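Going by my numbering, the sequence shown runs without a break in its numbering and finishes at 452.
Think of the hints as simulated: they come from the structure by calculation, not from any bench.
Quantities reported herein were computed from a predicted structural model and do not represent experimental measurements.
Careful, some of the hints might be misleading.
[As the list claims (entries may be wrong)] Simulated restraints on C-beta separations:
| id | residue 1 | residue 2 | range |
| --- | --- | --- | --- |
| 1 | Leu264 | Asp378 | 56 to 62 Å |
| 2 | Ala262 | Leu231 | 43 to 49 Å |
| 3 | Leu170 | Ala139 | 46 to 52 Å |
| 4 | Arg194 | Val396 | 24 to 30 Å |
| 5 | Leu264 | Arg236 | 39 to 45 Å |
| 6 | Val75 | Arg120 | 19 to 25 Å |
| 7 | Arg120 | Leu163 | 26 to 32 Å |
| 8 | Arg191 | Gln45 | 47 to 53 Å |
| 9 | Gln129 | Gly70 | 36 to 42 Å |
| 10 | Leu170 | Gln202 | 46 to 52 Å |
| 11 | Thr376 | Gln202 | 22 to 28 Å |
Glycine residues also receive a C-beta, built at the ideal position from the N, C-alpha and C atoms.
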Amino acid sequence: MRAARDLLRFLTPRTLRGRLSLVALTTAAVLMAVLTLAFNAVAQQRLQHQADDELRTRAAAVATTIDTTGTTVRVVESSHDNLLDTNVWIYAGPRLLEAPPGTASPLTHVADRLAAHPGRVCVTTTSHQPFRLCALPMAGGHSEATVIAALDLSPYRSSADTLLLGSLALDAVMLASTYALTRLAVGRALRPVRAMTDQAAQWSAVASAERFGSKGHPVELTRLGTSLDSLLDRIRTLLRHEQQLTGELSHELRTPLSRIIAELDWWQSRPRTTDQTRATHQVITDAAVSMRTICDTLLDDARDGSPGTPGTAESLTVLRRLAETSCPPAHLTIVVEGSCPTVGVAPALLERIVSPLLANACRYARASVTVRVHDTSDGVRIEVTDDGPGVPPPFVPHLFEPGRRADPGDGHSGAGLGLPLARRLARSADGDLRFDHRHTAGARFVVCLPAG
């Protein structure tokens, strides 16, 4: 059984074109077999009726030469005597009166049996060659007679065989034509599908914005094009998220990694005491822990859109620690002030939201950066303000677009990913981040978060 299944699986075409062609061929073969059998059965029945009609006509002609009015059956001599030489038997009751000369005994035996059971009966015998025999009973005044005529069916069988062979030959031609035309038609029908598949693979590899659309396509291809467009959109979204995550990780890990490199360079520049070495190790450890926290926070957000486990944080404590580790320039003062409300986000997430704002403020501030925290009616408000040149008004609508910078040649490193990341993380925590347009002396960004 398993070997049969393996053989069937091996013989089944691998391509859709081959399978559809095989289905069409099988269907056509079944239909043509039924039609061929029906046609040949009707043809054989028709030929048999023709033979029976000819036999009855011959028997009726012979019956005109038989006189049954007397006490005995008598054959009258007439111009139809030559019919007796063409397989005709005349019986008076069961007694044979006339028989064709030289007739093989098997036919006479069949005729005897028909005469013994009078009636309009036709039978077929195939002793040596096929013959059809029909009996015609005649009722007279005082006697009964039966005329039996026989006909060689070889010509009829030959005609039937010729019809069968012709039908089979026509079936073979039709099946071959059906298979070839089906493969051709299916191949032409699937050509646009192959082209669409190749285009989809090419577009997905390069994240192209081109799409198939539905203009000028049949209904089936329109549905396929719509499905492929949706698939390409999802692939493009995944690629964009992957690029965004890579850029954000690179952006956020740059600061702690720079701290590690700076501490190692400083430690290797000249011999250090044990306390200095321990302090360097502590800085490196803190930076490494920060990198791990950054990775966990961003990966959690990329995985399910809800970064980290919900928690709470003492906002003032977290912000002061963040200010201490931000490494501002020597001429810059960072002030963290306000009440100490509890925010409804984890400390690591709060750091990731405020860190880009604080880094930008330190980058553009002239003398001071102020971080102010206070309660509001709907949560906690955190303001990060600097006394720098502010944001150019034409660039304000593009502040939170990934990869956009107001002046890429201003001498500051950056990829334009910090503010979009901070806003996305704030919104994922049911908060928000916005730019304060009313503040004119420098720049101010406002973070609104739920209270803890």
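_Hints violated by the structure (listed by number, smallest first)_ = Structure breaks hints 1, 4 and 11.
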